[in-house]
Amino acid sequence: MLIQKIDILCSFVLHKEEERVNYIIKHIEDYYTEFLRYKTDKLGNKRRNKPQYSQFGEYWTRTINPPKNELKDIQRRINGYLVENILMPEYAYGGIKRKDNIRNARFHKGNKFVFQTDLKDFFPYITHKAVYEMYLRCGFSHDVSSLLTKLTTYKGHLPQGAPTSTTIANLVFIPTGNELQALAEREGLRFTTFVDDVTMSSQSDFKHVVPEIVQIIKSHGFKISQGKTTYKSGITEVTGVKLLNNSMTVTEKFKAAFAKEADENSPRAKGMKNYKERISIISEYKKS
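Numbering (my numbering), first residue to last: 1 to 288.
Hints are computed from structural coordinates only; laboratory data are not their basis. Mixed in with the good hints, there may be bad ones.
[Claimed, not checked] Label pairs and their computed distance ranges (CB to CB):
#1 Ser225 x Ser266: 27 to 35 angstroms
#2 Glu133 x Asp263: 49 to 57 angstroms
#3 Arg186 x Ala257: 34 to 42 angstroms
These numbers were taken from a predicted model, which means no experiment stands behind them. For every residue, glycine included, the Cβ atom is placed at its ideal position computed from N, Cα and C.
My request is simple: use the sequences and hints to build the entire structure.
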């Protein structure tokens, strides 16, 4: 059973006195920073806003709210507790130890048909209500769930940039993911998520179930990005990795970025080389 009492939570997980935790919650605005990050296309260029959204600026941006000071430490402790005590679903690859985007892509290697979609504004659409209900579903008491929600949401939703947000997003998505997993098992598909990326694949054409996949996602309150929703056969890319017939390699975008590196011995160039080698090594794994 997970923690049922606030004093236990404060003492053994947060390492803070309850009075101090309540002070932080009361003055939560003082414990977050805020800045804008530009959204980019596949070539790394800033994406221009659509005309109807021009009042928000020339380019698309997302709001980042990283915590600071004591709240940052508290969220790290909460995240550690969640990871250690709640079993994450097998299909989830984002923000999970010993899993990454390469292993996520590897799970779909060898499948000819691939459906992908991106959950639009994933974190902002996860409300404090959804987070509270997730804590209850996981087994926390009402009081503890309420306190945890106040410590891990900001302005009514999941903040981007918080150490808890990816873990919480994975847990909030479980009811949706379980329904998608059931569909995948019924149709003989492979299914994974990587934070806000949803991928299904098969050696056989499954285009007829794509509307059902989309409907399941929408029925749980999530929105999909129409521009990032694709159904393809043959060579494709999954979470930044290019899938060939029976192998994996870096994307064309990666190759172009690597070609621009003037110094092949720079830390960035070495990191890119290591990443390319990891893709080759993981591609040969018998299991993902």
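Fill in: Hint check, failures only
The structure conflicts with no hint, since it agrees with every one listed earlier.
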